[in-house]
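Fit chain B to the given chain A structure using the hints.
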Amino acid sequence: DAKTTQPTSMDCAEGRAANLPCNHSTISGNEYVYWYRQIHSQGPQYIIHGLKNNETNEMASLIITEDRKSSTLILPHATLRDTAVYYCIAKISNDYKLSFGAGTTVTVRA
Amino acid sequence: NAGVMQNPRHLVRRRGQEARLRCSPMKGHSHVYWYRQLPEEGLKFMVYLQKENIIDESGMPKERFSAEFPKEGPSILRIQQVVRGDSAAYFCASSPPGQDTDTQYFGPGTRLTVL
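Chains A and B, in that order, are what the protein sequence lines are.
Just so you know, the numbering used here puts 69 at position 69 of the first sequence, and the rest follows in order with no gaps.
Position in the second sequence (from 1) plus 1000 gives the number in the numbering used here.
Among the hints, erroneous ones may be present.
To be verified - Below, a list of computed lysine-lysine pairs in the DSBU-like style, where the Cα atoms sit at most 35 Å apart:
hint: 1; chain 1: B; residue 1: Lys1062; chain 2: A; residue 2: Lys97
hint: 2; chain 1: A; residue 1: Lys52; chain 2: B; residue 2: Lys1027
hint: 3; chain 1: A; residue 1: Lys3; chain 2: B; residue 2: Lys1044
hint: 4; chain 1: B; residue 1: Lys1062; chain 2: A; residue 2: Lys3
hint: 5; chain 1: B; residue 1: Lys1027; chain 2: B; residue 2: Lys1044
hint: 6; chain 1: A; residue 1: Lys97; chain 2: A; residue 2: Lys3
hint: 7; chain 1: B; residue 1: Lys1051; chain 2: A; residue 2: Lys52
hint: 8; chain 1: A; residue 1: Lys97; chain 2: B; residue 2: Lys1044
hint: 9; chain 1: B; residue 1: Lys1027; chain 2: B; residue 2: Lys1071
hint: 10; chain 1: B; residue 1: Lys1027; chain 2: A; residue 2: Lys3
hint: 11; chain 1: B; residue 1: Lys1051; chain 2: A; residue 2: Lys3
hint: 12; chain 1: A; residue 1: Lys97; chain 2: A; residue 2: Lys52
hint: 13; chain 1: A; residue 1: Lys52; chain 2: A; residue 2: Lys3
hint: 14; chain 1: A; residue 1: Lys69; chain 2: A; residue 2: Lys3
hint: 15; chain 1: B; residue 1: Lys1044; chain 2: A; residue 2: Lys69
hint: 16; chain 1: B; residue 1: Lys1044; chain 2: B; residue 2: Lys1071
hint: 17; chain 1: A; residue 1: Lys69; chain 2: A; residue 2: Lys52
hint: 18; chain 1: B; residue 1: Lys1071; chain 2: A; residue 2: Lys97
hint: 19; chain 1: A; residue 1: Lys97; chain 2: B; residue 2: Lys1051
hint: 20; chain 1: B; residue 1: Lys1062; chain 2: B; residue 2: Lys1051
hint: 21; chain 1: B; residue 1: Lys1062; chain 2: B; residue 2: Lys1027
hint: 22; chain 1: B; residue 1: Lys1051; chain 2: B; residue 2: Lys1027
hint: 23; chain 1: A; residue 1: Lys52; chain 2: B; residue 2: Lys1044
hint: 24; chain 1: B; residue 1: Lys1062; chain 2: B; residue 2: Lys1044
hint: 25; chain 1: A; residue 1: Lys97; chain 2: B; residue 2: Lys1027
hint: 26; chain 1: B; residue 1: Lys1051; chain 2: B; residue 2: Lys1071
hint: 27; chain 1: A; residue 1: Lys97; chain 2: A; residue 2: Lys69
Stated by the list, open to error - Under 7 Å between C-beta atoms, here's a sample of chain B residues computed to sit facing chain A:
hint: 28; residue: Gly1042
hint: 29; residue: Leu1043
hint: 30; residue: Tyr1048
hint: 31; residue: Phe1106
What the hints contain is simulated information worked out from the structure, not anything from laboratory work.
Each residue gets a CB set at the ideal place from its N, CA and C atoms; glycine is no exception.
For reference, chain A alone in the conformation it holds in the complex (with noise of 0.2 Å):
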């Protein structure tokens, strides 16, 4: 799977959008992005993946480049619980493996 790098923290306003981006400039092309969140000692949760085209669902949009080589992810109104380690995980459709890295920490303030 491509290795994948993101910020290591950011902060957002609460109320604002928060747009989180991820470079995975040797994807390839059958391997999706995906993003899962960690909330504070729980288990991580699923947001949204995709593999070329923008995806949008409740939670947030992922946005890829048109080179895939690079993603943000956004939550729309950030809230205090929106509060997490964001990972940004990219993996090939039969590879069950999930890698997870350092993620990036996102504190979103009143």
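Chain B in isolation, oriented as in the chain A frame:
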């Protein structure tokens, strides 16, 4: 629809004792994965099981650790003769059969403390 359930949530053992961690997957899910998160570290894959079969245990320590997913009942991660280094959070995840095995849904974890 209940999510992945794990019990106990917290487990304290003395060195040399056995630890048994249980995981009930989401309804309809027949794939179970176990991950371990050591203090201040990321989650690491341990083992992948389907009903009555171990598919991949490449992330399991060679000794003292075993896992099963019987036809009936929850998946069990068993650690024999625990040592202090086994202290960690153990997370179970599940995914549905056939289609979309990619998206794994995690339980709340079991936090094991070895005294």
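So, going through the hints one by one against the coordinates:
Among the hinted pairs, Lys1062 (chain B) with Lys97 (chain A) is consistent with the structure: their alpha-carbon atoms are about 18 Å apart, no more than 35 Å. Distance restraint check for Lys52 (chain A) and Lys1027 (chain B): the Cα-Cα separation of roughly 30 Å lies within the 35 Å cut-off, and the hinted pair is therefore satisfied. Proximity of Lys3 (chain A) to Lys1044 (chain B) is assessed by CA-CA distance (about 15 Å); at most 35 Å being required, the pair is judged to hold. The straight-line distance between the Cα atoms of Lys1062 (chain B) and Lys3 (chain A) is roughly 27 Å, inside the 35 Å bound, and the hint therefore holds.
Restraint check for Lys1027 (chain B) and Lys1044 (chain B): the C-alpha separation of about 25 Å stays at or below 35 Å, so the hint holds. With a C-alpha separation of about 14 Å, the suggested pairing of Lys97 (chain A) with Lys3 (chain A) holds against the 35 Å cut-off. For the hint pairing Lys1051 (chain B) with Lys52 (chain A), the CA-to-CA distance comes to about 33 Å; that is within 35 Å, so the pair holds. With a C-alpha separation of about 9 Å, the suggested pairing of Lys97 (chain A) with Lys1044 (chain B) holds against the 35 Å cut-off.
For the proposed pair Lys1027 (chain B) and Lys1071 (chain B), the alpha carbon gap of about 14 Å is at most 35 Å, so the pair holds. Distance restraint check for Lys1027 (chain B) and Lys3 (chain A): the Cα-Cα separation of roughly 33 Å lies within the 35 Å cut-off, and the hinted pair is therefore satisfied. Of the supplied pair hints, the one linking Lys1051 (chain B) and Lys3 (chain A) holds, its CA atoms being roughly 31 Å apart against a limit of 35 Å. Between the alpha carbons of Lys97 (chain A) and Lys52 (chain A) the distance comes to roughly 21 Å, so the proposed pair stays at or under 35 Å and holds.
A distance of roughly 17 Å separates the Cα atoms of Lys52 (chain A) and Lys3 (chain A); the hinted pair therefore holds under the 35 Å criterion. Between the alpha carbons of Lys69 (chain A) and Lys3 (chain A) the distance comes to roughly 11 Å, so the proposed pair stays at or under 35 Å and holds. Restraint check for Lys1044 (chain B) and Lys69 (chain A): the C-alpha separation of about 25 Å stays at or below 35 Å, so the hint holds. For the given pair, Lys1044 (chain B) sits about 26 Å from Lys1071 (chain B) by alpha-carbon distance, which is consistent with the 35 Å threshold.
A distance of roughly 10 Å separates the Cα atoms of Lys69 (chain A) and Lys52 (chain A); the hinted pair therefore holds under the 35 Å criterion. Between Lys1071 (chain B) and Lys97 (chain A) the alpha-carbon distance is near 23 Å, which keeps this suggested pair within the 35 Å criterion. Pair hint Lys97 (chain A) plus Lys1051 (chain B) holds up; C-alpha atoms about 18 Å apart against a cutoff of 35 Å. For the suggested pair Lys1062 (chain B) and Lys1051 (chain B), the alpha carbons sit about 22 Å apart, so the restraint of at most 35 Å is met.
Among the hinted pairs, Lys1062 (chain B) with Lys1027 (chain B) is consistent with the structure: their alpha-carbon atoms are about 31 Å apart, no more than 35 Å. A threshold of 35 Å between alpha carbons decides the hint, and for Lys1051 (chain B) with Lys1027 (chain B) the separation of about 13 Å falls inside it, so the pair holds. Distance hint between Lys52 (chain A) and Lys1044 (chain B) is fulfilled; the C-alpha atoms sit about 27 Å from each other, no more than 35 Å. Between the alpha carbons of Lys1062 (chain B) and Lys1044 (chain B) the distance comes to roughly 15 Å, so the proposed pair stays at or under 35 Å and holds.
For the suggested pair Lys97 (chain A) and Lys1027 (chain B), the alpha carbons sit about 21 Å apart, so the restraint of at most 35 Å is met. Between the alpha carbons of Lys1051 (chain B) and Lys1071 (chain B) the distance comes to roughly 6 Å, so the proposed pair stays at or under 35 Å and holds. With a CA separation close to 21 Å, the supplied pair Lys97 (chain A) and Lys69 (chain A) stays within the 35 Å bound. Residue-level restraint check for Gly1042 (chain B) holds (minimum Cβ-Cβ distance to chain A is 4 Å; threshold 7 Å).
Because the closest C-beta pair between Leu1043 (chain B) and chain A is about 4 Å apart, less than 7 Å, the hint holds. Because the closest C-beta pair between Tyr1048 (chain B) and chain A is about 5 Å apart, less than 7 Å, the hint holds. For the restraint placing Phe1106 (chain B) at the interface with chain A, the shortest Cβ-Cβ distance is roughly 4 Å, inside the 7 Å limit, so the hint holds.
Every hint from the earlier list agrees with this structure, and none is contradicted.
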